[in-house]
Amino acid sequence: MKKIIICILSISVLVVGAFSVAALAKNADDSSGDRNEKITIQPDDTELNKPADVEMLNTQKEIIFDNILNCIDYYDTVSGTFETTLIDGNPVTVSYDVNIPKQISLESVKGTNIDMSILCRDEKIVEANNLSKKYTEERFISQYDDSVRKKHTTSIDKQVSLQSYYNYEQKDISSERAKKNADGQMEFYYRQDLTNTGFASVSIFPQNLVFGFMTESDAWKVSGIETYLNRKVLVIVGKTADKDYAEKLNVDAFIMKFDLKTGVLLDFKGYLSTGELTQNLTTSEFAVEKSKSDLNDEITRRITSIQNAYEKTNREW
Amino acid sequence: MKRILCCVLALVLFVAVFSFSASAATSTNFIIDNDSPDSACVTEHVGFDVYITGSSHYNRDCRRALTSNTAAWYSWENESKMLRSTNPISLTAGIYLNNTKFTDPDAHYYVQQRDGGYLFKRLNQNTARAGWTYVNYTINQNYATPGGYSVKGISVSTSGSGSGYTGADAISVSATTY
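The listed protein sequences correspond, in order, to chains A and B.
Numbered by my numbering, the letters in the first sequence go through residues 13 to 329 in order.
Numbered by my numbering, the letters in the second sequence go through residues 36 to 213 in order.
Since the hints were derived computationally from the structure, they do not count as laboratory data.
All of these numbers come straight from a predicted model, not from anything done at the bench.
A couple of the hints might just be wrong.
[Said to hold, decoys possible] PhoX-like mimics (lysine-lysine), calculated; alpha carbons at most 25 Å apart, straight line:
| no. | chain 1 | residue 1 | chain 2 | residue 2 |
| --- | --- | --- | --- | --- |
| 1 | A | Lys192 | B | Lys136 |
| 2 | A | Lys281 | B | Lys136 |
| 3 | A | Lys146 | A | Lys122 |
| 4 | A | Lys244 | A | Lys281 |
| 5 | A | Lys324 | A | Lys146 |
| 6 | A | Lys255 | A | Lys73 |
| 7 | A | Lys251 | B | Lys136 |
| 8 | A | Lys244 | A | Lys162 |
| 9 | A | Lys162 | A | Lys302 |
| 10 | A | Lys122 | B | Lys116 |
| 11 | A | Lys136 | B | Lys136 |
| 12 | A | Lys233 | A | Lys281 |
| 13 | A | Lys255 | B | Lys116 |
| 14 | A | Lys73 | A | Lys251 |
| 15 | A | Lys324 | A | Lys136 |
| 16 | A | Lys255 | A | Lys163 |
| 17 | A | Lys122 | A | Lys302 |
| 18 | A | Lys73 | A | Lys192 |
[Claimed, not checked] Over 12 Å on every C-beta distance to chain B, these chain A residues come out as not near it, computed from the model:
| no. | residue |
| --- | --- |
| 19 | Asn70 |
| 20 | Thr71 |
| 21 | Ile237 |
| 22 | Asp256 |
| 23 | Leu289 |
| 24 | Val300 |
| 25 | Arg314 |
Here a beta-carbon is modelled for each residue, glycine too, at the ideal position from N, C-alpha and C.
Can you build the whole structure from these sequences, using the hints too?
Below, the structure written as structure tokens:
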């Protein structure tokens, strides 16, 4: 009997040992995933304006591509106004005010066929159609985690911040975000949009356009640094590499101007091969880290006003 | 001596079982095409009545609705592969679209839990490039059943604005919990 018990005991100890090793391995994985803790931000001391600087920027396209795809790490609050054709083909004016740490946002969208107010607060999005006087209210789970997110204090051209952020050295970072699968289909890995905007995101978190026009690094280049709305912008010019995408947007060539500090797309111009301007996004107002102190109160007031005056409808599914 | 050994044995087995339940990962992975013939999958829709065929689409077909139709929705579910947990679920949701006519500027995508859902992605189908759009999402709330999390599928509803079409083709769900 003793022998049997000792035998079972030995097996049990082995099982526990195996689980302990597995747990240790898992912990090791977790610690390697906690890369954000290793950030060492470099001071923003570069004045980019010489041809050599532009040449240098064109040697680190992957860094620029990836930084712009992560532009929500470069600001806490943004507000502004832009006009664009990228929403429904007609000129539409979008005004926005976003506070990422507080997870509140306000969008106003106005055009020939559209007039909407979209307000986000308390993990709810209220969408009001100002034409039909109807509104919807939807729940979302905020993906913002203050303990994980590290806001960058450098600008989007800085290679060193990116490499330390990801702890990837000598790695093709851009290929991690956009690649072709075994079936030949493209795969695009989006970040969760911490701005919680659907319309303003075309400018303040332009993942669609960056994947659309900048995935193929040989199709675009940095042409210079300019001043736009009193801010330094990175000017990128290119040709649309994906023929279907070119056809869909009517854009064969483009010029994009990204705010150098935040990666926000302030200006976009899309052209046909004939030179005809077919798409545009033009920012008229833009402010970073100057969020209204009473934004939350304003959103609350506007939601109450909508709830009192508009008819509530539900999205059925 | 026997009693001591039995006690030790019981303790060791308890620790082993506890370790297993604490560290065992459960997960689910599935892809559902529109109009899936798989009996385990349920695809339902209101609106999205136009059925389209073509080689660019997943399994050569998809559906579309007018973006202005505020009542239109499409849902993809697989109850048999639903992941349920009392711990948060880490989800990677995939949306496949490949049609130049899909131009909804603000299509709403929801993760479907057993008893409710949450908006997880507002996608401008107009400026999205053809292919798979993947988004990570942590499910750590359920207003219908607090403390009980699950995922069984995805649904999409039209923005209600614009003059084009909202597309519905294939979705993928890859979810893990501990």
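Going down the list of hints, with the structure as the test:
1. A:Lys192 x B:Lys136: Distance of about 22 Å is within 25 Å: holds.
2. A:Lys281 x B:Lys136: 21 Å, holds
3. A:Lys146 x A:Lys122: 16 Å, holds
4. A:Lys244 x A:Lys281: 18 Å, holds
5. A:Lys324 x A:Lys146: 6 Å, holds
6. A:Lys255 x A:Lys73: 22 Å, holds
7. A:Lys251 x B:Lys136: With a Cα-Cα distance of about 22 Å, the restraint between A:Lys251 and B:Lys136 holds, given a limit of 25 Å.
8. A:Lys244 x A:Lys162: Cα-Cα ~23 Å, so holds.
9. A:Lys162 x A:Lys302: It holds: about 19 Å lies between the C-alpha atoms, which stays within 25 Å.
10. A:Lys122 x B:Lys116: 43 Å, violated
11. A:Lys136 x B:Lys136: 30 Å, violated
12. A:Lys233 x A:Lys281: Given pair A:Lys233, A:Lys281 holds - Cα atoms ~15 Å apart, limit 25 Å.
13. A:Lys255 x B:Lys116: Since the Cα atoms of A:Lys255 and B:Lys116 sit roughly 37 Å apart, the hinted pair is violated (cutoff 25 Å).
14. A:Lys73 x A:Lys251: Answer holds: A:Lys73 to A:Lys251 is near 15 Å, not above 25 Å.
15. A:Lys324 x A:Lys136: 14 Å, holds
16. A:Lys255 x A:Lys163: 36 Å, violated
17. A:Lys122 x A:Lys302: Holds - the C-alpha atoms of A:Lys302 and A:Lys122 are around 24 Å apart, at most 25 Å.
18. A:Lys73 x A:Lys192: 19 Å, holds
19. Asn70: With a cut-off of 12 Å, A:Asn70 remains clear of chain B, as the shortest Cβ separation is near 23 Å.
20. Thr71: 25 Å, holds
21. Ile237: Fine: 25 Å to the nearest Cβ keeps A:Ile237 off the interface.
22. Asp256: Non-interface label fails for A:Asp256: nearest chain B Cβ at 6 Å, not farther than 12 Å.
23. Leu289: 17 Å, holds
24. Val300: With a cut-off of 12 Å, A:Val300 remains clear of chain B, as the shortest Cβ separation is near 23 Å.
25. Arg314: Consistent with the label, A:Arg314 stays out of reach of chain B, its closest Cβ about 19 Å off (over 12 Å).
Hint compliance for this structure: hints 10, 11, 13, 16 and 22 are broken, all remaining hints hold.
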